[in-house]
Amino acid sequence: MPASIILLLPFFSALVILLGHRQLKGAAVLISVGSSIIAFLASLVFLATDDDNKLLLPFIDVAHFHAGIDVLIDKQSRGMMFIVSFIGMLVHIFSLGYMKDDEAKPRFFGALSLFMFSMTGIVLAGNLIMMFIFWELVGLSSYLLIGHWYQKASAAEACKKAFLTNRIGDFGFMIGILLLLGANAGNVNLLDLKTAFESGPLRPEAPGYSAGFTTVAALCIFLGAVGKSAQFPLHVWLPDAMEGPTPVSALIHAATMVAAGVYMLVRVSFLVAASPLAAEIIAGIGCITALMAALMATQQNDIKRVLAYSTLSQLGYMVMAVGAVAMAAKHGHGPEAPDPGHPAMFHLYTHAFFKAMLFLGSGAVIYACHHEQDIWKMGGLRKHMPVTFYTFAIGTAALMGFPWLTSGFYSKEAVLDAAFNSGWRVLFIGGAVTAALTAFYMTRLLIVAFMGKPRTDSAHHAQEAPMVMILPLTILAIFSIFSAWDGFANSLQALKPSHINAPGEGHTVLIASLIALIAGAGGAIFLYRGKDKDPVSIKLFANKFYFDEIYAVIVRVCQDRVAWIVTALERVFVDGIIARLPSAIVARLGAATRMLQGGHLQGYTFLLGGGVIAVIYLVVFVLPRMGN
Amino acid sequence: MSVLEIIIALPLLAALAIWLGAPAHATSLGATLLNLLIVLVTTVQYAGKAATGLAFTYSRPILDNPSLSFAVGADGVSLILALLTTLVMLAAIWQIQDRPAIFYVSSLLIGGGALGAFLTTDVFFIYAFHELALIPTFLMIALHGRAEPAQRKAVAWKATIYLGAGSLVLLAGLAWVVLEFSGGSKLTFDLEALRNQAKLTPLADAKQAQIFFVLLLGFGSLVSLFPFHSWAAPAYATAPTPVAMLHSGVLKKFGLYGLIRIALPLLPQGPHVEWVQNALLLMLLGNILVMGLVTIHAHRLDDTLANSSVMHMGYIFLGIAAGSDIALKGAVVLMFAHGISIALLFGLCGRMRNQLGTLEYNKLGGLATHAPAFTVLFAFGAFASIGLPGLTNFAGEVMIFVGSFTDFKAGVMSNLQWTVILALWGVVMSAVYMLRAYRNIFHGSPTTGLFMIDPAFSQRVPFIMLATTLLVTGCCPWLLLNLMKSAL
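First to last, the sequence lines map onto chains A and B. Anchor point for the first sequence: position 574 equals 574 in this note's numbering, and the numbering is continuous, going up by one each time. Anchor point for the second sequence: position 416 equals 416 in this note's numbering, and the numbering is continuous, going up by one each time.
With the rest of the complex left out, here is chain A:
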């Protein structure tokens, strides 16, 4: 019951707003916010429900292919559901303030409801077809919300880019689903697939087993996650997605939707575990993304972009953890008893709170500075916006992994543990360097935006944000600290790994991460304290390794140029030759057309009339004789 409420309530909210968005006006906002609050309450009930997998709605049911809206309720989905509906509700409330003066408020809240519906569908999905359906729908809601201010060319381009980049990922995802579906007799139910891989026809000992097939299927599915979770090389859409309103960035492009790729990979972890090669590639891609994005973040000046690259980097962390856990299990370094926790899911959980908090905090700052986003035009905000500052500082501490006090520390240690045990030393080193860079760029952000003196008028006149905005910030700040505590984490079903920093590891992980934190934060304090402009300038990082430029060339050459050539060829050959041929014949027959001199009009009536007459002639005279 709670599952259907959480799923369908936002759907009806979106539908009502779509149908009556001009008549409803303010009521649209209330419907959307109300539905998010009820969904949150239902998700609290949902936390305590038993595992119960059932078909909610039919979809396609033909021959041996059954795809429906059926839910898989377990610890993973209950925990994820809480994160989504909790942060969703806070973002709805925050938006009441942030979007107060927006003309298209009903459209915004309608799309927000659509997003909640789609995201809930991903969380509950019991089979891969349903996962794909909602996977695409979050893409749509993300498109609508990034393009909320579609009059701006940059927003219009950004939403298109986000959708298309995700489509490339979905291309792989669909192939992966088809491969699994073909191999498992049309059944892509998650539980059945798990059985098939662990003890059924797809297990390694089974006759006809193909390791190559398993790897290809796993990598195709992974490609879906690469798109949605913005991993290298499909990461380019996420920074541009910051063109959307800031609450959207917090909810969709930091806490929930972009984490869907990680969630999906954890859902199909049996598949990742079945292919060591795929696990290594996944861990590698995650590590590259984490490191590369952290480097880019060090040179960004837009407050939201710093956070966006930080999100990329943290998503890379989670993806790396997914691969590393599977690798560790293969190397026998995994925990002896089956550990109910998963470092990737645990980091997803803590990250959702503090990153949503940071984004909402940046939203409060942007709101206060009259839509100024350049951190070098801020400064001194600590005095003007104390609550925002302190909550932002807590979020920063959590993201840096400030030891023992913050939730981020525990989840980061869990990820580094997994990397340490994976058997690839480079993963661990990459993770530690990323941690140092994270500390560096977040400290830089905090110092430049909040410390020192205001550098512009808008920063000078900034005022604390209104209550509806501060309240979500405070709640999320509390979660940023406490969410990793055992009591909290267990009751919210956060999949916390049972032994973080286990003593057997000789404290290597702990020492490395403390050094990283001190080096990163210390370096940033040394470089940026009291500065009015950036003392460091590294073009390569500031320009994001020129990925956008390279891709623009690829699109121009591989798509537009090829399209131009193909079009020309099509004109010449198909149109020119195949089309000329019959008309040439007709022209040779000449008399037939010339006879009808009034142009072509009579020509074709004649031709077609001729066709019908020919049929009748055949039917009545020719065929009977041939038959006999």
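It should be emphasised that the hints constitute simulated quantities derived from the structure, not laboratory data. If you're wondering where the values come from, they're calculated on a predicted model, not measured in any experiment. Check the hints yourself; a few may be wrong.
[Claimed, not checked] A short, non-exhaustive set of chain A residues, derived as facing chain B with CB atoms under 8 Å: (1) 153; (2) 160; (3) 163; (4) 164; (5) 167; (6) 168; (7) 186; (8) 566; (9) 574.
[As the list claims (entries may be wrong)] Label pairs and their computed distance ranges (CB to CB): (10) B/414 x A/550: 34 to 40 Å; (11) A/515 x B/407: 35 to 41 Å; (12) B/414 x A/199: 53 to 59 Å; (13) A/556 x B/358: 24 to 30 Å; (14) B/60 x A/58: 50 to 56 Å; (15) A/559 x B/358: 22 to 28 Å.
In this text, a Cβ means the ideal position worked out from N, Cα and C, and glycines have one as well.
Following the hints, put chain B in place on chain A, whose structure we already have.
Just chain B now, kept in the frame of chain A:
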């Protein structure tokens, strides 16, 4: 007397009445609305029964030898297409404004011809009704097309040559089929009799392949199968709006219907003989990949829509090539979905051209600001054709893809399955051209001088009807699948 005869006759009678002087708008709208209701009731009735096999059959003998009769009958496939026809007819006729009576008459004739082709069960009449529907299509392009007279006549002429040639090939193929399968001493055109004979004495695979290939070329060129497609884009871009809606949405489905209704049951092995299958896969890849790229290159909305319509036929052919039960039902669902979505898009495109006078992307922009309802309706069509889940096209496409992987053995990919993977790239390409179009037309700041506001509510109704159909059958594709309970 069968209810199907009424369904076929109503639009034709309405056309006659208008010709005799009845008020065009009221008569055609009334007749179409009534016809839609009758089709809906009939469909519900059919679903209420076992929903298998032919129903509502009735036969009026005309000739004894060869045995020819005006026979009607419908199963789920024909009813889904009849529903499509009446929905698109209603929308196409409803959106006509300030046009001479011939617009109404031609729409009624095209629709009536299509209904006749979908609901009769005699090969002769199936063919003849389709020809009947084609004639007004050409005439309307030539007489009222949206181009200079010389140019529109050339476009109409080109379409005539292609479709005329296609029809003749088709005729040869049908004659071949009739000769092969007319059991006993008497020739018959009755599809049921032919099917029974095909079941009793199936032809050798090699022969099936030959006949199937001829039918494929004939039916295929009516559906713009690559490389016999180049009539389609200029014809749709030039055709008056209701004609573009009806031909691309409905009449073009005739070729596919013929393949599913006539070619596949009579020649079940035809598409699976290797050379035919490979040829079909190559041609449909031409539709998807070549036409996908051509569509990306388009600079005008009507060009984009016309080419995309050619491209999407590739997916339906893919369903036919796969041939499994799931894939064929997916193909039918996609025929319905494509018909509704392309009619919606062509309808809106026609409105835009009337109001703005141009469809060039680089002259448009920011329409969403002043015409929000119009934008939402267009988004339904655009996202449906991209294959967004929740709208019907997705259900059809996914069934075709899944149906191509039913006999998959891990590690071994058949040609069909490789084709599916290439075809999936087409899904990315459709997103590219549709979102480019959407961004250029609706996003951005409004262009000065080009100004458009939402149509009045009564003028929105036909489009709302089509969008709602996409949403309802998209969320509940089982509504359509319930009409096809027995295997195709």
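Okay, the hints, checked on the actual structure:
1. Interface restraint check: residue 153 of chain A against chain B, minimum CB-CB distance 6 Å, threshold 8 Å, status holds.
2. Annotation: interface hint on residue 160 of chain A holds; nearest CB of chain B at approximately 5 Å, less than 8 Å.
3. This hint holds: residue 163 of chain A has a C-beta 6 Å from the nearest C-beta of chain B, less than the 8 Å allowed.
4. Hint status for residue 164 of chain A relative to chain B: holds, with the closest Cβ pair at about 6 Å, below 8 Å.
5. Here the hint on residue 167 of chain A is kept, as its CB sits about 5 Å from the closest CB of chain B, short of 8 Å.
6. A distance limit of 8 Å between C-beta atoms decides the matter here; for residue 168 of chain A the minimum to chain B is near 6 Å, and the interface restraint holds.
7. Contact between residue 186 of chain A and chain B, as hinted, is supported at the beta carbon level, the nearest pair being about 7 Å apart and thus within 8 Å.
8. The beta carbon of residue 566 of chain A comes within 4 Å of a beta carbon in chain B, closer than 8 Å, and the hint placing it at the interface holds.
9. For the restraint placing residue 574 of chain A at the interface with chain B, the shortest Cβ-Cβ distance is roughly 5 Å, inside the 8 Å limit, so the hint holds.
10. A hinted range of 34 to 40 Å holds for the C-beta pair residue 414 of chain B and residue 550 of chain A, which are about 36 Å apart.
11. Remark: the range hint 35 to 41 Å for residue 515 of chain A to residue 407 of chain B is contradicted by a beta-carbon distance near 57 Å.
12. A beta carbon spacing of about 28 Å between residue 414 of chain B and residue 199 of chain A contradicts the range 53 to 59 Å that was offered as a hint.
13. Taking 24 to 30 Å as the suggested C-beta distance range, the pair residue 556 of chain A and residue 358 of chain B conforms, at roughly 26 Å.
14. The hinted window of 50 to 56 Å between residue 60 of chain B and residue 58 of chain A is violated, with their beta carbons roughly 41 Å apart.
15. Between residue 559 of chain A and residue 358 of chain B the Cβ separation comes to about 25 Å, which falls inside the hinted range of 22 to 28 Å.
Violation of the numbered hints given earlier is confined to hints 11, 12 and 14; the remaining hints are satisfied by the structure.
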